[in-house]
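Model the full structure from these sequences, guided by the hints.
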Amino acid sequence: MQHSGKIIIILTTCLPACMNQQVSYQRDVTPIFDNKCNGCHTAPHGYGYKLTGLEMDSYDSLMQGTIYGPVVLVGDSRRSILNKFVEGRAGIMQQSLHGEEAITSEEIEVLKTWVDQGALNN
Amino acid sequence: MFQLCSRLRYITYLFQVLRLPLCTFSALLCLSSYAVADGFLEQVNVTEEDGIYHIHISAKIAASEQHVRQVLTDYIHIYRLSDSVIESEVLESPVDGHVQVRSLVLCCTPIFCRDAVRVDDISELESGNLQAVIIPDKSDFRSGTAVWEIVPDGKNTQLSYKATIEPDFFIPPLLGTRMVINNMREEFKTTFYRIEHIARVNETRQCDDDFTLTSAVRRAEGEPCNNELITSLQ
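Order-wise, the sequence lines are chains R and P. First residue of the first sequence? That's 1 in this note's numbering, and the numbers climb one at a time after it. First residue of the second sequence? That's 1 in this note's numbering, and the numbers climb one at a time after it.
Keep in mind that the hints were calculated from the coordinates and are not lab data. A portion of the hints provided could be inaccurate.
[Unchecked claim] Beta-carbon label-pair distances, calculated as ranges: (1) Asp57/R to Glu92/P: 35 to 41 angstroms; (2) Asn182/P to Asn35/R: 43 to 49 angstroms; (3) Gln22/R to Asn45/P: 33 to 39 angstroms; (4) Ala43/R to Gln131/P: 36 to 42 angstroms; (5) Ala43/R to Ala62/P: 24 to 30 angstroms; (6) Pro70/R to Val117/P: 23 to 29 angstroms; (7) Pro70/R to Gln131/P: 29 to 35 angstroms; (8) Thr47/P to Gln26/R: 33 to 39 angstroms; (9) Pro31/R to Glu48/P: 50 to 56 angstroms.
All residues carry an ideal CB built from backbone N, CA and C; glycine is no exception.
Below, the structure is given as structure tokens:
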């Protein structure tokens with residue numbers, strides 16, 4: 001009984017994370033980028049690439065980020081620029097730039113979970 | 001079972017007792033969530049008096065004044081200056097020539113995080129300095145004023161940030177000013193570093209016709225050019 005409190009704390013800390021299935025970059029994330037992002041964020045002629053230097057057609061280029069800095073902060077979707085953008089937390093102008101093909105709430109959740117799970121190349 | 005419930009109640013109580021001071025402390029850390037490398041901060045001074053915090057940070061930025069100013073007035077991209085700005089929005093100001101910026105800042109200690117809202121009314125003073133005044137009714141702060149002084153220094157810029165801010169919540173004195181100062185220093189180092197980095201990138205890419213990354217990188221070490229600023233990029 002002495003350890004009950006500790007066990008409960010551990011469980012309440014771990015459960016939310018454990019409840020999310022492991023998101024796969026190849027299986028779950030890449031299709032989102034292919035459908036919603038790579039039209040513009042592809043070198044050398046994509047508008048989004050020209051504007052920011054961000055390529056999203058490979059894991060390495062995504063993690064390299066823009067010429068201004070990284071867009072994925074591993075393990076922290078709230079602070080990651082990628083998630084700020086897709087969740088509409090980066091202001092009206094940013095939304096309109098990326099609003100032609102609206103990203104779905106399910107896709108937003110996949111990207112959030114992927115980043116929070118460590119943004120793995122899996 | 002009774003023991004378990006008692007223990008749970010105790011833990012809950014402990015969290016409640018700790019949460020308020022830690023959250024308020026966290027919020028303090030985001031008072032200035034704007035952000036450099038150690039050597040490049042010339043002055044970092046943070047003091048507290050009667051619940052009002054006074055901040056003075058200055059640095060020499062290796063970029064031109066116009067590009068530093070461009071970064072600081074690029075309100076739409078304010079989140080680039082600090083990861084802790086987790087949400088930002090440019091609002092219309094009722095005053096001509098002013099801009100309002102609403103930001104949601106995530107402030108964390110190693111234990112807890114807290115979101116804090118601040119809405120700043122920003123204007124350019126006759127001196128050319130930028131002034132941001134917190135709108136208390138819309139913020140988690142009672143008051144606050146910040147002035148960015150941007151002075152050309154050859155190809156560089158002398159950048160100074162002076163601010164006072166009064167949180168609208170209790171700051172536990174036991175946590176100590178030292179910890180607050182250290183955390184704020186880190187935030188400012190990051191923000192000033194980013195200001196310089198972004199300003200330098202914009203300096204190089206203003207010469208590019210198509211703004212491609214390769215061109216920007218190629219020009220990074222080259223001669224600076226004097227084309228007009230490409231504000232449309234912002």
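- Query: Which earlier hints can't be squared with this structure?
  - Reply: 3 and 8
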